[in-house]
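A.B. asks: Based on the sequences and whatever the hints tell you, model everything.
Residue numbers (my numbering), protein chains in the order written: chain A, 1 to 468; chain B, 469 to 682; chain C, 683 to 932.
Any given hint could be a false lead.
[Unchecked claim] Output of the computed footprint for chain B on chain A, the stretches with three or more beta carbons under 8 Å from beta carbons of chain B: (1) 133-146; (2) 302-308; (3) 329-336.
[As the list claims (entries may be wrong)] Cβ-Cβ distance ranges computed for the label pairs, FRET-style: (4) T506(B) to K841(C): 57 to 67 Å; (5) G356(A) to T793(C): 47 to 57 Å; (6) D764(C) to D375(A): 22 to 32 Å; (7) G356(A) to R489(B): 35 to 45 Å.
[As the list claims (entries may be wrong)] Not close to chain A: a few residues of chain C, all C-beta gaps over 10 Å, as computed: (8) R696; (9) V717; (10) G757; (11) A787; (12) T793; (13) D806; (14) T811; (15) G832; (16) R847; (17) L849; (18) P855; (19) D888; (20) G890; (21) E892; (22) V893; (23) E929.
It is worth saying that the hints were derived from the structure and are not from the lab.
Because the structure is a prediction, the values reported are computed rather than measured.
C-beta: ideal position from N, C-alpha, C; glycine also.
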Amino acid sequence: MSRTFVGMPAFPRNATRAVQNSQLRYNLRKATHTIRGKRAAVVGELPDWAELRAAGKAIKDHTLRNLDTYLLQLEEAVTRAGGHVHWAADAAEANRIVTDLVRATGETSVVKVKSMATQEIGLNEHLAARGITAYETDLAELIVQLGDDLPSHILVPAIHRNRAEIREIFLSKMAEWGRPAPERLTDEPRALAEAARLHLRERFLSTKVAISGANFMIAETGTLVVLESEGNGRMCLTLPETLISVVGIEKLLPTWRDLEVFLQLLPRSSTGERMNPYTSMWTGAVDGQEFHLVLLDNGRTRVLADEVGRQALRCIRCSACLNVCPVYERAGGHAYGSVYPGPIGAILTPQLRGLGSELDRSLPYASSLCGACFDACPVAIDIPEVLVHLRAKARHARAERAGMRAAGWVFDRPERLARAQRLGSRFRRLVPRRLPGPLAAWTDTRDLPDIPATSFRDWWDKTDGGRR
Amino acid sequence: MTSPMIPPTRSSRDLILARVRAAVRGAPEVEIPRGYRTAAPGTDLVSLLAERLDDYRAQVHVVPEAEVPGAVAAALDRRGAARLVVPGGLPEEWRRAAAAGREIVRDDPPLRADELDRVDGVLTACAVAVAETGTIVLDSGPGQGRRALTLVPDYHLCVVRAAQIVAIVPEAVARLDPAAPQTWIAGPSATSDIELNRVEGVHGPRTLEVIIAS
Amino acid sequence: MNHPEFCERGLAVRVALFITCVNDTLFPGTGRAVVSLLRRLGCEVEFPAAQTCCGQMHVNTGYQAEGVKLARHFGEVFAGYDAVVAPSGSCASMVREQYPRLARAAGVTLTVPKVYDLSEFLVDVLEVTDVGAYFPHRVTYHPTCHSLRGLRVGDKPTKLLEQVRGLELVPLPAADECCGFGGTFAVKNPAISSAMCADKVRNVMDTGAEVLCAADNSCLMHIGGTLKRQRTGVRVMHLAEILARTEADK
Ligand code: SF4
Chain A
1 MSRTFVGMPA
11 FPRNATRAVQ
21 NSQLRYNLRK
31 ATHTIRGKRA
41 AVVGELPDWA
51 ELRAAGKAIK
61 DHTLRNLDTY
71 LLQLEEAVTR
81 AGGHVHWAAD
91 AAEANRIVTD
101 LVRATGETSV
111 VKVKSMATQE
121 IGLNEHLAAR
131 GITAYETDLA
141 ELIVQLGDDL
151 PSHILVPAIH
161 RNRAEIREIF
171 LSKMAEWGRP
181 APERLTDEPR
191 ALAEAARLHL
201 RERFLSTKVA
211 ISGANFMIAE
221 TGTLVVLESE
231 GNGRMCLTLP
241 ETLISVVGIE
251 KLLPTWRDLE
261 VFLQLLPRSS
271 TGERMNPYTS
281 MWTGAVDGQE
291 FHLVLLDNGR
301 TRVLADEVGR
311 QALRCIRCSA
321 CLNVCPVYER
331 AGGHAYGSVY
341 PGPIGAILTP
351 QLRGLGSELD
361 RSLPYASSLC
371 GACFDACPVA
381 IDIPEVLVHL
391 RAKARHARAE
401 RAGMRAAGWV
411 FDRPERLARA
421 QRLGSRFRRL
431 VPRRLPGPLA
441 AWTDTRDLPD
451 IPATSFRDWW
461 DKTDGGRR
Chain B
469 MTSPMIPPTR
479 SSRDLILARV
489 RAAVRGAPEV
499 EIPRGYRTAA
509 PGTDLVSLLA
519 ERLDDYRAQV
529 HVVPEAEVPG
539 AVAAALDRRG
549 AARLVVPGGL
559 PEEWRRAAAA
569 GREIVRDDPP
579 LRADELDRVD
589 GVLTACAVAV
599 AETGTIVLDS
609 GPGQGRRALT
619 LVPDYHLCVV
629 RAAQIVAIVP
639 EAVARLDPAA
649 PQTWIAGPSA
659 TSDIELNRVE
669 GVHGPRTLEV
679 IIAS
Chain C
683 MNHPEFCERG
693 LAVRVALFIT
703 CVNDTLFPGT
713 GRAVVSLLRR
723 LGCEVEFPAA
733 QTCCGQMHVN
743 TGYQAEGVKL
753 ARHFGEVFAG
763 YDAVVAPSGS
773 CASMVREQYP
783 RLARAAGVTL
793 TVPKVYDLSE
803 FLVDVLEVTD
813 VGAYFPHRVT
823 YHPTCHSLRG
833 LRVGDKPTKL
843 LEQVRGLELV
853 PLPAADECCG
863 FGGTFAVKNP
873 AISSAMCADK
883 VRNVMDTGAE
893 VLCAADNSCL
903 MHIGGTLKRQ
913 RTGVRVMHLA
923 EILARTEADK
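C.D. replies: What follows is the structure, given as structure tokens:
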């Protein structure tokens, strides 16, 4: 993956381009609507979903409140079980640690399990620049990597591609990376999955180093947990001689028992299954493997310091919020300019990266605040609340600031509002059908309402509330 | 993004811990409400497990305990598996049923991945099964082998005893020892990466067959 | 006309009308409809003249300081009333749901008056679903996000509509999806907003309804503006305006 999100324009511009791409919109709509229905069905099946959600939220909040204690407990448990723990304050440090660990093995290639954390830090690009090839093994990540593309969804990074496009990518690109695609490859999902199986099998059996993330880490026991579907995760986690897991510090759970909550919340919210096909759990170095855990901060402690914003760290990356989001469905993942797209991206990216760029400042506005994400979130992250909170922190354009200040001045006193209304009524015939400036955005597709001759308050005054 | 408050000479470990402590200072403690189910008595465990495994395209047979060897032999015959890997600690009658007319490969000393790739299948027991979610848990205990054993071969035949089935996830978590490496399996390998439609069979065993001894 | 159930309970409820700045300025007809409906049901309606705006636009666009100022003003104006009725789901939810958050985020204390959306007030407080309305038309109902997921009014509005004589209520496909208005979202992200509205309009057209009803004129201004631009002939009406109609209006 040589393309990056760096330097992308602001969300509205990206979204406008995406919305005009009818193939993309069709793909996204089909995929998100499929998964929405499945999720709703398996969530509806559980009589205690609300209780699980409340517990999940509280466990995460409790962990974050005591993160220092639990990190130390985790470190001790992993070390006791024969693993090595490394601490990375930022992306550069994490990349350096991983590169050194791979170099120490003498290998020049690694297999990878899909991991948001390693995408966030740009690990593949970093390794590539140092002569180490990272092979993505998750089917969707493979599609993205072969297509020299960018991920557009947390769970299904190639959600923007349909079967015909995937077939094209496999046929034209697989040979560059290893075993070519079968010549008579069809666009049947089964055939495409089989092509991926064949392409990667030899690599799994022979590669000596694997890099993964993790869905959960258990402080009490030092156990790491990876949920997946295809078995590529199991391949990477069990077969290579060295395993390096790069995990964000917020992925902790205090106790083994806490898994009873999250192993119910995550699969149902994410793939809409009662349970995902495979879950791997391991504690330290097992089955003769060498194990390294890299704990990643990279802005997380800054998010933690924000009283309202820190709830974003509860996120378990299920992607339910993306799948129900009407904005994501139409804008697609790339518009968010980050590995974290959709509603969670709109609150996480500007917090992790700061509000420095135009793109990052535009993300908190990439929502109509409809609240569908909050309802779907298994750990009850109040995404609209955080969006509004971040909007208050972002710098505003000067013209807008002036307009809002003027509106505030008018609303400050009822007499001012009444005077403004009368003024509007007097000139109501003069309002053009198409407005100038930024308000043209309204009249491009929508008519304006007629301005009434009398405001409600004047009517009430004149008629004593209709009694005269 | 080093915080100016903390001298850069400190290790990243100390730096991160200091940042965490500064960030949560004064934050309120949080009670964890555990009002969710921790057991689900009254569930017909065998039939629910069978139904849920079937939902995710595993092949399922429910037989009386005494007929397990026969069911094992029949399944392997149908599959046409001639070379089978069998972990240590499997009940002798099951192992014998599997061995009749077939080559049994042992994982002692541990087989290389490419050797595992050349067997036709693997026969195992399990540690726990969860009826509600159609999940089988292997914890590397007796009759289960290390994790690679049930991963590389394309066919996995697993025998679940009725007493090993629990109704819901919390009961399974309570029964398991975190120190043991585990694989939780719900149906054969699958992907939803193409248009979010589920397709069975990618890297893990493409066929999962389960015999439930009732 | 007094509603029988209501008379039996012998109540005379004093309510303050929070008209909302949008209705006050652009949709006074909705306000008049609320007044006549509530009076018909035996309420004494007051209009505190000092009211202006709840601060929703400012807060949701990121102008917290202005928002706090307006929220304070709102608290002062409405603090003394047992019940405040607002013909807008999003403004009612602004006060009830967002004031506490705003207070937390800005580190201030805010009075949160007891504000009801119209359908909540009718169904929960007055305990009526049949308000004696007559409206012989084919109507579809858009529940609006803040009524649905903020206030959680559930099926209260449709229960009210079902009791309107002559009215044929047709279900709106994908009703719970946002129309794409979102306040300043409509101008900050016009392409997505319009695309969302286009889908909403398509669903409205599929119902064959003559009238699209909702309990929020902001959303209706957005959907209605598109319906009008596309010359669909479908009218939009606030819930209050339908519930206020009686056979006398024929
Ligand atoms: S914010 Fe919630 S819904 Fe969205 S990915 Fe994270 S956990 Fe899932």
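A.B. asks: Run every hint past the structure and note whether it holds.
C.D. replies: Status of the hints after comparison with the structure:
| no. | hint | result |
| --- | --- | --- |
| 1 | 133-146 | holds (count 5) |
| 2 | 302-308 | holds (count 4) |
| 3 | 329-336 | violated (count 0) |
| 4 | T506(B) to K841(C): 57 to 67 Å | violated, 38 Å |
| 5 | G356(A) to T793(C): 47 to 57 Å | violated, 37 Å |
| 6 | D764(C) to D375(A): 22 to 32 Å | holds, 31 Å |
| 7 | G356(A) to R489(B): 35 to 45 Å | violated, 26 Å |
| 8 | R696 | holds, 13 Å |
| 9 | V717 | violated, 6 Å |
| 10 | G757 | holds, 14 Å |
| 11 | A787 | violated, 5 Å |
| 12 | T793 | holds, 17 Å |
| 13 | D806 | holds, 21 Å |
| 14 | T811 | holds, 25 Å |
| 15 | G832 | violated, 6 Å |
| 16 | R847 | holds, 24 Å |
| 17 | L849 | holds, 24 Å |
| 18 | P855 | holds, 12 Å |
| 19 | D888 | holds, 16 Å |
| 20 | G890 | holds, 22 Å |
| 21 | E892 | holds, 18 Å |
| 22 | V893 | holds, 16 Å |
| 23 | E929 | holds, 20 Å |
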